[in-house]
Amino acid sequence: MIFLHYRISEITEEQRNLDRIIRDVEGGEKIYTCIQCGSCSATCPGNESNRYSHRQFWRLLQMGRSDEIFGSENEWNCTTCGLCESRCPRGIPLTRIILRLREAYTCKNGVPENQSNIASAMEKRNINGDDQKNRSLWFSNMGEGKSEVEAALKKDKAKVIYYTGCVSALFPQAYKIPQSLSFMLIKAGIDLGFLGEGEWCCGYPLLGSGAGEDSLREYAEHTYAELVKKGAETVVMSCPTCLYVFREVYTKYVPGFNYIEILHYSQYLLRLAQEGRLKFKHGDETVTYHDPCDLGRKGEKIFDEPRQLISLTGARIKEMRFNKNESKCCGGGGNIEMQNASLAENISAGRASEAVATGASAIVTTCQQCKRSLQKGTRSIRARIKVYDLAEFLAERLEG
Amino acid sequence: MEELRIGVYVCHCGSNIGGTVDCPEVSAYAGGLDNVVVARDNMYTCSDAGQKIIKEDIENYKLNRVVVASCSPRMHEPTFRKVVEEAGLNPYYMQMANIREHVSWVCTDIPTATQKAKDLVRAAVARVSHHERIETQEIPITKKCLVIGGGVAGIEAALTVARSGYQTYVVEKKPTIGGVMAQLDKTFPTLDCSACILMPKMVDVSREPNIDLMTNSEVVSVEGSVGNYTVTVIKHTRYTTPDCTGCKKCVEACVMKDRIPDEFNYGLSNRGAAYIPFPQAVPLKAVIDPVNCLYLKNGRCTQACVKACDRGCIDFNLKDETVKIKVGAIILATGFKIFDASRTVKYGFGIYPDVIDSMQYERMTNASGPTGGHIVTSKGEKPKTIAFIHCVGSRDKNTNEYCSKACCMYSLKHAHLAREKTGAEVYNFYMDIRAAGKGYEEFYNRIQSEGVHFIRGKVSEIVKSENDRLLLKAEDTLMGATVELEADMVVLAVGLEPSEDTDALAEMMHVSRTKDGFFMEAHPKLNPLETPTAGIYAAGCAQGPKDIPDTVCQAKGCAGDVIRFLNIGKVKLEPTVVSINPDMCKGCRLCERLCPYMALEFDAAAKIMRIESTKCRGCGTCAAACPAGAINQGHFSSEQIFAELEGLLRD
Chain S
1 MIFLHYRISE
11 ITEEQRNLDR
21 IIRDVEGGEK
31 IYTCIQCGSC
41 SATCPGNESN
51 RYSHRQFWRL
61 LQMGRSDEIF
71 GSENEWNCTT
81 CGLCESRCPR
91 GIPLTRIILR
101 LREAYTCKNG
111 VPENQSNIAS
121 AMEKRNINGD
131 DQKNRSLWFS
141 NMGEGKSEVE
151 AALKKDKAKV
161 IYYTGCVSAL
171 FPQAYKIPQS
181 LSFMLIKAGI
191 DLGFLGEGEW
201 CCGYPLLGSG
211 AGEDSLREYA
221 EHTYAELVKK
231 GAETVVMSCP
241 TCLYVFREVY
251 TKYVPGFNYI
261 EILHYSQYLL
271 RLAQEGRLKF
281 KHGDETVTYH
291 DPCDLGRKGE
301 KIFDEPRQLI
311 SLTGARIKEM
321 RFNKNESKCC
331 GGGGNIEMQN
341 ASLAENISAG
351 RASEAVATGA
361 SAIVTTCQQC
371 KRSLQKGTRS
381 IRARIKVYDL
391 AEFLAERLEG
Chain G
1 MEELRIGVYV
11 CHCGSNIGGT
21 VDCPEVSAYA
31 GGLDNVVVAR
41 DNMYTCSDAG
51 QKIIKEDIEN
61 YKLNRVVVAS
71 CSPRMHEPTF
81 RKVVEEAGLN
91 PYYMQMANIR
101 EHVSWVCTDI
111 PTATQKAKDL
121 VRAAVARVSH
131 HERIETQEIP
141 ITKKCLVIGG
151 GVAGIEAALT
161 VARSGYQTYV
171 VEKKPTIGGV
181 MAQLDKTFPT
191 LDCSACILMP
201 KMVDVSREPN
211 IDLMTNSEVV
221 SVEGSVGNYT
231 VTVIKHTRYT
241 TPDCTGCKKC
251 VEACVMKDRI
261 PDEFNYGLSN
271 RGAAYIPFPQ
281 AVPLKAVIDP
291 VNCLYLKNGR
301 CTQACVKACD
311 RGCIDFNLKD
321 ETVKIKVGAI
331 ILATGFKIFD
341 ASRTVKYGFG
351 IYPDVIDSMQ
361 YERMTNASGP
371 TGGHIVTSKG
381 EKPKTIAFIH
391 CVGSRDKNTN
401 EYCSKACCMY
411 SLKHAHLARE
421 KTGAEVYNFY
431 MDIRAAGKGY
441 EEFYNRIQSE
451 GVHFIRGKVS
461 EIVKSENDRL
471 LLKAEDTLMG
481 ATVELEADMV
491 VLAVGLEPSE
501 DTDALAEMMH
511 VSRTKDGFFM
521 EAHPKLNPLE
531 TPTAGIYAAG
541 CAQGPKDIPD
551 TVCQAKGCAG
561 DVIRFLNIGK
571 VKLEPTVVSI
581 NPDMCKGCRL
591 CERLCPYMAL
601 EFDAAAKIMR
611 IESTKCRGCG
621 TCAAACPAGA
631 INQGHFSSEQ
641 IFAELEGLLR
651 D
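Heads up: the sequence lines are chains S and G, in that order. Our numbering applies: residue 1 is where the first sequence begins, and numbers increase by one. Our numbering applies: residue 1 is where the second sequence begins, and numbers increase by one.
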């Protein structure tokens, strides 16, 4: 129970403001059609760590209770995985409303302390606040293909640009992902290039920290100019979140993005495999596949391509109870680790348990952040199950 | 040519038009147009007083054309045609200008709206000047009725029409009539036995002399128009002769016995290839399922059924039969299919055997069902906890947005039966309980007091619990707490969807459908029985989800309207039928392919097209397409349309 009593007299300016904020979001007015069924609350793994259940939070929003809304931390305790939204019987864009409320919160109260280091890091154009020069260190301990990558990094022009994304490029424990993917692309004889130091973060961390979509405009413009300079026809991504931002945000600011082919590597590799340019060794193993939210339900519903690629290695896929559109969160989205690290770990552990229950020998996924989170999850439940990014999984099984 | 004398009547429609359009100004403007003798504005032109003014003007001013600027012609064109006809003019000397739907309801600015209204009036005046006298033809109709579907809607409709003395055909796709109601156990809110009240009606159908019952049959084509439809029906063979007495010896003998999922029990039991759908089937005759019969499939079977039949009724050489029937009216009573619960993956239907849908539960509670009326889990145990989830597939943008209307009440009934038969703890998860209906709220009250637990919240997902039971997650929204429930059985209250054949029938009969896929009614309030296609009616769940009382009401309503129509015995042909000028037709046959009603035929001897007026529905497609301009559509001649356009474009 939230209140024992409240009186309604006149609509306040505060209520009107909140209404405008909601209506800013495409389809945001649907919040008034919420039937308070509580499906979102019962879906969210973080519901119990909030002051209000999600349903109650939407109710507060319907009634314009600004103080309670911004006094709670509901909108920050969210991985933006979007499962609540996909199950909402009213089709309310809950994730976009959450991000819009973060923005409104920041306008009102300033950036919350535990999100504040994002803004300063992003001044360096990457998620770590590293020197941009470090973006090209990832190949340094690479085995076969190192010299080709080095050459590719120096190319002025290339038809296919691999946009590595911050986690792959800057987190040593993730280096194997760009290494594996580049290795396969080189093996397939692709005219491959990179943006190198010119590659900026896609900007999603800013979005998550409440900076608002407009803060991504300069990122879109910069990246577009870099791609044009290289003569890129195709951009391949290993991070589904970058892909999501390119499609959902960049195209709004730079229409040119509609005319460059932007693909997740699972789409691109499958094409190469179908053209016979990549071949895989056949093994006998059973794996499970985790659908990243930004690649699947929130993004372009890329469910089949990764599964087809796994099957090309002869591996059997044992699905988790919740998969594809219903895939559960890895615990790594929405800047949640900064906000509530223990919640993030609980969510990761939950998903890891689901994977363990399949009896598979490995979890394969297609997102470096999902991989990181699931690795943490498997460690915390002490499970003996390997976690792969699909690129690593495939590169290990590449023929020839 | 006689001198044109036009009267223009501008309607305020209360404030509907008058609030946005300056009607006196439009009327004054109309008064200045060529050939307009009198122009008036009027508060309600369709009222008695308004009609009287038009009639008096026709007499006093010797008017020979009338323009009414008011609402959409859909409702009141017949009204004003009648007015001018009663005043002695041909009814087609009247034209309407729609200044309500096309002007006042879509404009906010008064000067702009008034200008648009003037434009439309000017166009109507220009058009009416070219109107021609049309004598509508009346043709006799076939005084017979076809009912498609033999569920409770079809049964009630057919019995009502037939008992009024009209021959009625009933075509049912399944081997027996009875529909879904024959599968139910009890009916809400009275809890009377469904079979006990339906079976006598089914028998009545088989005994009614005016009913020609065709089961195992399908309608494959419908030609003609209101009053005179020719319907082709395929009577699929049962592979048993009419001598079959339903003794079941072949059923017992069939080598496929108990090997095919029984659709009547929603897969909870098995049947053979030779089977009788259920003990009270009408007609009570065995049928051989050609898809699963080994002999019919690949010619290899001992034919145990043939040996078992004392009367020699089984004949594998029997063939499907095609019959053509002629009827005046058709009632669509094709019912519904249940929502496929496996589409909501989160509930695990098809993954966990103890998550079942409401029809499976219904069969389970039925004494003649697969468990003999015992509610048991997949392990054959009596459940200690049963959960019912309302609104599965309904009220959900991901599946069907509409409320399926019957599920709240049947779930209350199911909860009651669960308590009564098992003594289990029962939990109903709901979003809203919709208990509008006679005795329904009282029934809800009763079930609540019987100790059924009601939790207001939509279940988010079902997983296996560590105790190998089903674990449901929801928010108890009235308490504001997330709740987890361990249950032995979960029943999904699946919604109602249009039956499989709706697509094909809609296309075959040119019947429109509403957004939800069900057959559309001609008017949602004032003509909810007929479809927009004259002479074709929709009864029961074919028109939208509803419960048994509403279905029976609608079926009887449709029957009543059909009886009224058959009593009149004749029908007016559309004035908009086309005519073909034989001197201009070049016989290119372009129109023949375009006509959706197959009303045009090529006269090979004369090398020109001929029109069959009774088939023509006046859609005008051929007239628009004819390269020679040989086709003239009544009331929509090129001259009239161009006059209207010129009127509109002049300032």
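Because the hints were derived from the structure by calculation, they are not lab data. One or more of the hints may lead you astray.
As the list claims (entries may be wrong) - Taking lysine-lysine pairs in the DSS-like style, the calculated list, with each CA pair at most 30 Å apart, reads: (1) S:386 <-> G:464; (2) G:201 <-> G:285; (3) S:318 <-> G:464; (4) S:324 <-> G:319; (5) G:346 <-> S:324; (6) G:546 <-> G:397; (7) S:301 <-> G:397; (8) S:301 <-> G:464; (9) G:464 <-> S:376; (10) S:324 <-> G:337; (11) G:144 <-> S:318; (12) S:108 <-> S:252; (13) G:173 <-> G:384; (14) G:384 <-> G:464; (15) S:318 <-> S:146; (16) S:301 <-> G:515; (17) G:473 <-> S:324; (18) G:326 <-> G:174; (19) G:473 <-> S:376; (20) S:30 <-> G:473; (21) G:379 <-> S:30; (22) G:249 <-> G:173; (23) S:252 <-> S:279; (24) S:301 <-> G:473; (25) S:30 <-> G:525; (26) G:464 <-> S:324; (27) S:318 <-> G:379; (28) G:464 <-> G:346; (29) S:30 <-> G:464; (30) S:146 <-> S:124; (31) G:143 <-> G:62; (32) G:405 <-> S:30; (33) G:397 <-> S:30; (34) G:346 <-> S:386; (35) S:376 <-> G:319; (36) S:324 <-> G:397; (37) G:397 <-> S:252; (38) S:30 <-> G:249; (39) G:346 <-> S:301; (40) G:473 <-> S:318.
Check: Which numbered conditions among the earlier hints are violated in the structure presented, ordered from lowest to highest?
Finding: Numbers 4, 11, 13, 15, 21, 23, 29, 31, 35 and 38 - these are the hints that the structure violates, sorted from lowest upward.
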